[in-house]
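Chemist: With chain A held as given, fit chain B onto it using these hints.
So the chains spell out like this:
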Amino acid sequence: MPEENINSKKEFQPAIAAFVCTWCTYTGADLAGTSRLKYEPNVRIMRLPCTGRIDYNLIVKALEKGADGVLVSGCHPNDCHYNAGNFHARRRFTIFRELLNFVGIDLRRVQFSWVSAAEGAKWADLINKFTSEIKELGPFTEYKKLSGVSFPIEEFDFSEETVEASEK
Amino acid sequence: MARVGVFVCHCGENIARTVDCSSVAERASKLRDVVYSVDYKYMCSDPGQTLIKDAVKKYELTGVVIASCSPLMHEKTFRRAVSEAGLNPFLCEMANIREHCSWVHEDKEDATQKAFDLIRIMVEKVKRNHPLQPIRIPVTRRAMVIGGGVAGIQASLDIADGGRQVVLVEKSPSIGGHMAQLSETFPTLDCSQCILTPKMVSVNSHKNIKLYTYSEVESVEGYIGNFEVTIRKKARYVDDTKCTGCGICQQKCPMKKIPGEFNTGLGKRTAIYVPFPQAVPNIPVIDKENCTYFKTGKCKACEKFCDRKAIDFEQKDEFIKEKVGAIVVATGYDLYSIKKEQNFPTVKGYGEYGYGKYPDVINSLQFERLLSASGPTFGEVKRPSDGKTPETVVFIQCVGSRDDAKGISYCSKICCMYTAKHTMLYKHKVHNGKAFVFYMDIRSAGKNYDEFVRRAIEEDEAVYLRGRVSKIYQEGDKLIVKGADTLSGTQVEIAADLVVLATAMTAQSDIVPLAQKLGVGYDKYHFLSEAHPKLRPVETNSAGIFLAGACQAPKDIPEAVAQASAAASKVLGLCSSEELEREPYVATVNETTCAGCGFCITACPYQAIERKEIKNRNGEVLKTVASVNHGVCQGCGTCLSICRSKSIDLAGFTDEEVYAEIDAMFA
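Protein sequence lines correspond, in order, to chains A and B. For the first sequence, counting from 1, position 29 maps to 29 in our numbering; every step adds exactly one. With positions in the second sequence counted from 1, the corresponding number in our numbering is that position plus 1000.
Extracted from the complex, chain A is given alone in its bound form (with noise of 0.2 Å):
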C-alpha cells in the first residue's frame, strides 16, 4: 500500500503492477536499463512467457492485492514468440474493459501495450506517462470497499434501522 512506502513523500506514490511477457516487452525494460534511461520506480513487473497466459484474473487480483494501476504489455501483433498469444490476449482485454466499465472501474488504471525488445525509450515513456496518470487519479480504493477487503467492520453500519432504510 502507498502509505507503507519507506519513502514517505506528500505526494502519492502510486502501486502499479506490469504483466509483460519474457520476449518483448520485458527484454525492451532491460534494454531500457541498459540504455539507463529514467523512470518512475512505482512499477513491479511480473515475467511471463506469454501475454497470452494472462488470465484476466490476475489483473483483478492486482487491484485487490493494493494495485492502483495495471499494466499488461506483450509483442506487437504478428510479433508474438508464440505466433498468436498476444492476438488473444488482445482479444480477451477488449472484453474485459467492457466489464470493468460495467463493474464501474475506471479503464484509465488498466491499460494495454505492445512494447517490443528494442523499444526501451517506449517503455521508459509508458512507464512514466502511467504513472502520473494513475497520480492524477489517486489511489484506486474503490474495488477494496467492494470486497469488503481492507475496510474494519465497524466501517459497516449493519444496524436495522439502516437494513430497512437501504431496502425501501
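Keeping only pairs whose Cα atoms sit at most 35 Å apart, straight-line, the calculated DSBU-like set for lysine-lysine is: (1) K38/A x K1030/B; (2) K1534/B x K122/A; (3) K1108/B x K135/A; (4) K61/A x K1030/B; (5) K1076/B x K61/A; (6) K61/A x K1623/B; (7) K1429/B x K1478/B; (8) K61/A x K1646/B; (9) K122/A x K1076/B; (10) K1171/B x K1357/B; (11) K1517/B x K1413/B; (12) K1295/B x K1252/B; (13) K1388/B x K1339/B; (14) K65/A x K135/A; (15) K61/A x K1108/B; (16) K65/A x K1108/B; (17) K1108/B x K38/A; (18) K1646/B x K65/A; (19) K129/A x K1534/B; (20) K1076/B x K38/A; (21) K1108/B x K1058/B; (22) K1300/B x K1288/B; (23) K1413/B x K122/A; (24) K1256/B x K1388/B; (25) K1612/B x K1321/B; (26) K1534/B x K38/A; (27) K1030/B x K65/A; (28) K122/A x K1524/B; (29) K1076/B x K65/A; (30) K1041/B x K1076/B; (31) K1309/B x K1288/B; (32) K122/A x K1041/B; (33) K38/A x K1041/B; (34) K38/A x K122/A; (35) K61/A x K1612/B; (36) K1108/B x K122/A; (37) K1108/B x K129/A; (38) K1030/B x K135/A; (39) K1323/B x K1171/B.
Please keep in mind that the hints were generated in silico from the structure rather than gathered at the bench.
Modeler: Chain B in isolation, oriented as in the chain A frame:
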C-alpha cells in the same frame, strides 16, 4: 517447510551505487522462510558462485533467489551453479534489481525499496516452484528436404555428407529448379547448368539421399524429432525401375507442339517428355492432359517402341509414408506476371506494358532461355514474334518490385545484377546490338557485384537510363517504349525490337497449403516466416522445420546455398543424438477436472494439444479430456488462460506461483 537463500549482488557499482545492498539483504533475511541472506560484490564470478553453492549445501536450501541482473543474462549461469550444488536448477530464480531497478531509478530510497519488493516477489515464487526435469524426446535421425532447386540440393548434400539420411521431395519431374533454366550466372558468368548438374548427379547417386521426383507432400503428422510425412508420388505412367532414359519414346510421340514449361512457353515439347536433356532422374513423364492415348484411347506409340516395356498407362498415384526428425523447406519462387489475371488478389498486372499480349515483351527468365545454348533458339537471341535478331533491346528493372500501386513493396534483390548480365550476354552474342536499361537504383551489394555492373556499362556499352517506363505499345514491327531519363531531365522514347522485363520474385502461388500442413507462418506476400529475421534466419516457429532459399525471401544463388548449408547444420545438430533435451516449460492437463471442451486445442498456436480418451479396464470410454504433447508444447500459456475450469497449468509459471507473486508485489 521451504528454506530459501537470498543472494544480493552489488555488480561492482552497477547496483550498489543506487541500491543499498547490505540493508536489502538484511531485510530479506527477515522474510518468512528465508534462512540465509547475504550480499556480495560479484555473484556471477567464481567466488560468488562458490558462495552460493556452499550456502546451498550448508543451509540445505530448497530455493534460491539471486538479486542481480536480468534473468535473460545470467539465469543459465546461476541455474548451473545450483545444480552443481545438488539443487534442482528450476528452484533458482532471479530478481532483476539491475536493468529494472538500479539502472533506471535515481532516488536511492526508492530504488532500495523496489529492490526489496522485487526480492520478496521472487522469494514467494520460488517457494512454489517445482523441481522440473528437462524433457527428453526420441529423435528419428533422418531429414526431409522439400524442393529440389539449388537450395534443396545443397541442403540434401550437406545433410547426407554429414552422415544422415535425407528424403528429397520435388514436385516437378526433375530436380534443378530455376537455376537449371539460367544460361549463365553472375558475377562469374559460369554456365549455370555446368555448375549445377554435378550436384544434381551427386544427389541422385548419394547413398544417403532418397529422391522422389514428380512427388508432393500430401500430409505432415507429428512434431520435432518425430515427423511422419505422407508423400504423393504422382503417376508418371513410366516405370522408373525399368526406364533407361534412351529417349525413343520422345522421338516417336506424335504430339510435338506442346508449349514447354521449362522453356517458359517459348519452346515446344512432346506429351511424353523429360523437361530438359540434363534432367535428373532422366525418366520421362506423360502429360496426361495432352496425350493422345489419354484423350482418345488411340496411339500408344511410346509403348510400342519402348523395348524395356517401361510404359504403364495404368499407373496410379502412390502414397508413401516417411518418418523423419527434421524438415527443410526449400520450395523456391515464382515470377510476377504482368498479365491481368494474377495469383494474388492484392497484386495487379501491368496494363501499361500490354498485359502480356505483345509476344516481344518477355520476362527475364524467358530471356535466359533465349540466351541458353540448350534453349528453344539454341542460344541465339531471336525474338519470339518473327525469329529475327533484335538490334535494340530495352531492359526494364523493377517491374512489379518496389511498386505499391501494383501491390509489391519489396525489392527483389537479383534483378539489377541479372539485367546487367543480360546486357553483357546480349552484347557478346549480338555485336552491334544496343542495350538500354531503365532503372530506379542499382543494387549490386555482393562480392564483385558492383564491378560487374560497371563492366556492363563501360566494357559492353549498355546504356543505363535512370527513370521509369510509362508505356509500351506496338508500332509496326517495333515496340515503342516511352520512359524518362531523370538525370538529364528528359523524356525518352525508344523503338525497340525486344523488351525484357525484370519481373518481381514472388512466393510460389501454391505455397499456402504446404505452409499450413507444416504449421509454418508466412507473410502477406506468402514468403515463409523465419523465427527471427536477424538471429534465426533458417529456423521457423515450428520446431524442427527449417527454411532455405527463395521461399523465405528474394535472394540470389550464393545466399540460397549459404542458407541451405545453414539449415543443414541445424538439421545435423538436431539429429546428432538419439534424444533431444528441451526446457520443461510445458503445460499439463489435470485430467480429473478437465471437461474436454477443447478450447485449449483450438487456442494452442502449435497444435500441441490433442483429445485423449480416458478408458476404464473394460475399454469403455469414461470421458474425453485434453492432453498436451510435451514434445511440441512451447510453453506460452495461452491454453491456461482460455481454460474455463483452470484444468491446465504451465510448469515454471503455474497459477500458484503467479498468484503468489501478485500477493507479494505490494506489501
